[in-house]
Amino acid sequence: MKVKKKPVPSEIFTGSMADISFLLIIYFMITSAFSATRGLDFALPEDTQTPEIKQEDAIDVHVLRGGAIQVDGIDKNLEGLLPYVAEKLKQNPDKPVILRTDPDATYGDMIRVFDELRQAPEKIDTEIKTISIPTRREIENLWSMLGIQ
Amino acid sequence: MALIRGRERNTGAQIFTASMADIVFLLIVFFVLTYKVEVDRTKMDLPDTWVRMKVPEKAAVISISPPSASPPLTIRVSTGEEMSLPVSTDEEIVTFASTEVAQNPDKEFIVKADESVPYERVDAVLDALKQSKVKFIYLLSEQKVVD
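Protein sequences appear in the order of chains A and B. Just add 777 to wherever you are in the first sequence, counting from 1, and you've got the numbering used here. Just add 1221 to wherever you are in the second sequence, counting from 1, and you've got the numbering used here.
So that you can see chain A by itself, here it is in the shape it has in the complex (with noise of 0.2 Å):
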């Protein structure tokens, strides 16, 4: 006697599909964060081009204490200092920005000030070719060297 077969559906259950892709939605929408992906940047002089950079053949920018400023030891507010840079960077366009901050300004009034020496090509119309930000023992060393204390 024939035993009839019984035919046997192939099916792939994808029943749970949804839910996996639902876990895995939630799982991508919590863990993606937006992240700040911008800043401004600087690069720093590689040894061998190193220039001699002395204070009186620069603009000096100095970020004081509760963010005033002094530009070549005169005080200026945030708005006269690129006036200033483009009266000086006319005599001579390569003449480089020092940006000195206190030890007790914060990071946001350096920053403010930078932010400021960057927008020269909008705000004045001049590229400022070299803006060097020297660290404390850059500037104590230059000084030793010059025999100030």
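Honestly, the hints are just simulated from the structure, not real lab data. Note that the coordinates shown come from a computational prediction; the quantities given were computed from them, not determined experimentally. Watch out, some of these pointers could steer you wrong.
Claimed, not checked - Covered stretches of chain B, going by a simulated chain A footprint (3 or more residues, C-beta under 8 Å): (1) 1243-1257; (2) 1309-1316; (3) 1319-1325; (4) 1350-1356.
Glycine residues also receive a C-beta, built at the ideal position from the N, C-alpha and C atoms.
Dock chain B against chain A, hints included.
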């Protein structure tokens, strides 16, 4: 005469879900493509700037937590591919940065610091990076907006 009653048809309420799988997979593909692991999750208020350049994806990160954080002014470092780890001395930053620069002399570094951090701490980090012969530094910021 008996009324001939028509057979009532069952109208089942259904929500059409056939396109759900397509939408769900589109969402998954979107998240997979845009997914980025944030290597440093220190919460802070970044300074606002008008000028902002895109930072490289695999750049190393050095973060300085705000003075109000607990513990305050903690410095954490990350290679850009692994989660950040705290360091306790400036020498450790020099060691970390020197190792990265030895592997890739053009390695970029991102400094991520709260705007209220005293500049003294940032200066120490910049000094450590300069000692390590780092060439490119990015100071992470938020977009400044008109008040």
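Each hint tested on the structure:
With a cut-off of 8 Å between beta carbons, the stretch 1243-1257 of chain B has 9 residues touching chain A; three or more are needed, and the interface restraint holds. Counting residues of the stretch 1309-1316 of chain B whose CB lies closer than 8 Å to any CB of chain A gives 0, which falls below the minimum of 3, so the coverage claim is violated. Only when three residues or more bring their CB closer than 8 Å to a CB of chain A does the claim for the stretch 1319-1325 of chain B stand; here the count is 0, and the claim is violated. Only residues whose beta carbon comes within less than 8 Å of a beta carbon in chain A count, and the stretch 1350-1356 of chain B has 5; three or more means the coverage holds.
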